[in-house]
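There are 2 protein chains.
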Amino acid sequence: MLLDRIQGPEDVKRLSGEELLQLVEELRSEIIRVTARTGGHLASSLGAVELIVALHRVFHSPKDRVLFDVGHQAYAHKLLTGRRDRFETLRQEGGIAGFTKVSESPHDAITVGHASTSLANALGMALARDVRGEDHKIVVVIGDGALTGGMALAALNKIGELGKDMLIILNDNEMSISPNVGALNRYFRSLQVQRWLQDAEERGKRVLEKISPRLYELADRAKEAAKLLVHQENPFYAWRIRYVGPVDGHDLKGLIYLLDHLKDLKGPTLLHIVTKKGHGYKLAEEDPVKWHGVGPFDPKAPPKSGKGYTWSLAFGDALIELAEKDERIFAITPAMREGSGLTEYAERFPDRYVDVGIAEDVAVTTGAGLALAGMRPVVAIYSTFLQRAVDQVIHDVAIENLNVIFAIDRAGLVGADGPTHHGVFDLAILRAVPNLKILAPKDAAELRAMLKAALEVGGPVAIRYPRAKVAPVAPGTWPEIAWGTWEVLKEGSEVMILAFGKTLEYALSAAGEDPRVGVVNARFIKPLDEAMLERLVREGKKILTVEDHQLAGGFGSAVLEALEKMGLGAEVKRLGLPDRFTEQGKIESLHEKAGIGPEGIRRALAEWGLALAPTGRTA
Amino acid sequence: MLLDRIQGPEDVKRLSGEELLQLVEELRSEIIRVTARTGGHLASSLGAVELIVALHRVFHSPKDRVLFDVGHQAYAHKLLTGRRDRFETLRQEGGIAGFTKVSESPHDAITVGHASTSLANALGMALARDVRGEDHKIVVVIGDGALTGGMALAALNKIGELGKDMLIILNDNEMSISPNVGALNRYFRSLQVQRWLQDAEERGKRVLEKISPRLYELADRAKEAAKLLVHQENPFYAWRIRYVGPVDGHDLKGLIYLLDHLKDLKGPTLLHIVTKKGHGYKLAEEDPVKWHGVGPFDPKAPPKSGKGYTWSLAFGDALIELAEKDERIFAITPAMREGSGLTEYAERFPDRYVDVGIAEDVAVTTGAGLALAGMRPVVAIYSTFLQRAVDQVIHDVAIENLNVIFAIDRAGLVGADGPTHHGVFDLAILRAVPNLKILAPKDAAELRAMLKAALEVGGPVAIRYPRAKVAPVAPGTWPEIAWGTWEVLKEGSEVMILAFGKTLEYALSAAGEDPRVGVVNARFIKPLDEAMLERLVREGKKILTVEDHQLAGGFGSAVLEALEKMGLGAEVKRLGLPDRFTEQGKIESLHEKAGIGPEGIRRALAEWGLALAPTGRTA
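In order, the protein sequences belong to chains A and B. Taking the numbering used here, the leading residue of the first sequence gets 1399, the next gets one more, and so forth. Taking the numbering used here, the leading residue of the second sequence gets 1399, the next gets one more, and so forth.
Chain A on its own, in the form it takes in the complex:
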């Protein structure tokens, strides 16, 4: 295999044109082979193979900085930059990351996972380069979905104003995770349909002459370059960004040719390439949503959609039933329809559903607008992405105590996506926000009870649940829940474990049948069930809190605060995630390492002199 000879980008430069085409095929095979075992962002990475080969052919990483927005399309980049031997460990505990990561390779210019951050990073790098008089190139690869994120647009605005030398490659694959939305995106479509296919040669050459005589000269000779167009009337012109394209992002020779001639242009240039997610792998081309992020799969068959019932689906199903009865229900997602379990809801209630695109801030504040107009919006958002809308929760929703429900999915550690995606800050952030209530259900029935109660109680309510499977419940199941109450699942004579969500099962497992150790479903994180807490303490029980969240400022801290407020001294231990970022790995394994799994709980109990037998048996 050619790939065996590629130790780094310089080796790509030694290959012949024929060999480059072979390299593309080998990369694609390797990506399919490994992700079939590890799972991963297959479709995006397959779509970017030619682009990445062309980039490493033309540019000189790491001197030149190549920034991949989101960083999930960069598997070929990892394979070409000295990580082939470790590629089998992709997304595994201790292995290489599913995104680009600065600490993993000097060729990874940014550590990333969330969308739309590349341009602001590139702006910073360009400012640094220019003040120091350096001359390396900065190349940004950004998808059409990520480019419509507000942060990317605002950064583009500044880059255009300053006229920083930079090549921005708009990798237009016509969809982010959910089918793409937004007017700009439709505009990209119209550019393609109307312009690309029409008599481009003359116009293209005319504008080429203006921006680069050399490029013009070559374009005059080379057929491929005739596709090139510069639209001065497109929106990038208003941003003072030179626009080139759209061109075929799977035409390797054309890409290399273009990059080679665009690389020395002064000022910001945007090259619009069109690619197909999953390119070269029929199954993925046909259903790129399903193949966006996949678990391990059989390369010959479509990935099974969902392995069992999840919290996301439980939420989506509950919301459908609520929306049937209550016309004020309105669901909002920031480009996460499938992930949030809203696919069926969106089909059933298209008028009461909006996907605002990769714009979490807009999602939350659109919820505020709906609530101000008397609707009952439900913002479905992953915990990690809610971090992108903190001010909107505070400023737009909580100050006026608006009726917005936040369905916070993927709360706690999420596994293979690693530190950029773990949802482990939401409680610390949200607990401080007045008017906001925070709940965490133990099962699908309780999720329903909480959604119903949230609608009744009103104001902003956050309901958090993990990335995990959950047992389905029968349609029509709408149990009641007493607001603000915890639930004793098991009495204990010496210690009560306060846990919620994912850690509840660990607590039950650790406690086993031991009569000394009880377990409480601490499902209300704000308000706490202070009455129960007080009772437990007055009964002389020790309190052990366990949470799938950073220790600093989390649920355990809320318990300490409540005890301080009540002036109650108590023996309390808190288990949670330590003060460092948690790497990728299997969720249960990460939990044990962090000391919040059954073993960690048993160790904590042992420190109090309560030696417990292994799971399920009494000491």
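A hint or two may mislead.
Identical copies look the same in the list; a pair holds intra-copy or inter-copy alike.
Here are the computed lysine to any residue pairs in the SDA-like style, where the Cα-Cα straight-line distance is at most 20 angstroms [to be verified]:
1) 1562 / 1772
2) 1940 / 1965
3) 1940 / 1970
4) 1924 / 1979
FYI, nobody ran anything at the bench for these hints, they're computed from the structure. Keep in mind that this is a model prediction, so the values were computed, not measured.
Since chain A is already given, all that's left is putting chain B on it; use the hints.
For chain B alone, kept in the frame of chain A given last:
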């Protein structure tokens, strides 16, 4: 006065054309008269008087929803919507807010204070209106600065895609708080210069005919409408937003005429008006930066710039000295050059300074890019605005432990700007973020010591200081600070008060000369000085924490967490802001009400049986 007869918007509709012009003058006088006493956002509000009169002439608030972005330009709106009798209380404790506020009036469509939120709110309201089949109008007034914020652009993208009926008025006053930045803004300028003044009549009428035959007909007759232009090649076209303008935003008759004919257009329309901040008040027109937000002033004289030395200036002066010695220093502001004390720095080091516009997320991640390139960026940001970049702090800076310093100004209660602007969540949010350190200086010398130490220690460091005066220090003052240490300012035999920043002076005042009560400058919030904490507790001291921050998740919680971790039982009381939003008012008065002023501290001590005499005397 005509104003005496205006009880609500309907009264505006009864006035004659002459009377409307008089009303504009009266509004302007009233705004100047009252803000001279109360302080406030004078320049923006003066610039929007004609627009607001025209809006209430044409639209029917509150049925029609009029959303003011930021909400600081809406004084005339308050005067016309039943709040004239209370206008004297503007920005005073218990009085009306300096921004629009839903709970204050049905005519205030959104509660606001931060920029760029109006369009997402309007999107939500339009979704609600349309799903219910209602037919009221939605009008958004947004400045050119706020429109270049990412959240506004992303919302615009969705509004354009959905084609929602909505009138967006771009109030282009050529500057936000700092002179405006960004390529889009330059584009707006070019629109004006190139197009407005040239032969507009023919082109304007041609496009008018397309969008509204009735408007065309009128335009054919009315000279004013001839200014009207629709640029299909401008960026709003790509967003599928109909663009009309630019027109003179101080031409009341023209505005009423235009609004009257634009109001029934289907789909989103953007009307670009050009106004002058401070219009009609010479002093403010001449220096709108100084008159953006002013304290009480003499209407006949320019406002005094700064009454004494502030924390902001202390930071700016320190940064200048650091930048002189260290070429890696790079300052970043999100449109807050003056407010952050960076005016002189920006003049001295234009190559190591960037104002990214109203885009806090871009500010933080530009810092990440600079740090990745080896620079030592300092992001100067208000605490309340850092809420808009939480994910960028976590995802772009902290995961890779990048060398970014956050100079967090206006931490704690900020006074007259009220709940949208209080900086009272930063500790809860930032404490949970691994790798991040959090410091709070007691004076300007300690601020310098902390900046220096932050550069030495590396990684992300947040230094928070209040909106307050501080004594200046001599240039060249660079004291050392032992990392992670607190400082005993006064020994106490029974209680030690742990305080920092603003609350330190309250603690000293409360403790007075009483030998039983000591005071510690708890200047390291993360990491805490656990050694000192342990020593104090082992000495049997009671601990009283006092912070200008929400109680939930703040400094006091950090102390409780540390004691739990060390397994130390201690008598602890925490004072901080209660779990509700704090209204506007004088800072010291708000602090006393919240129980964190000297009286509140004395009450807390009294609960421990330590009756203290009034300030400065021993019990």
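Which hint numbers does the structure go against, in order from smallest to largest?
none
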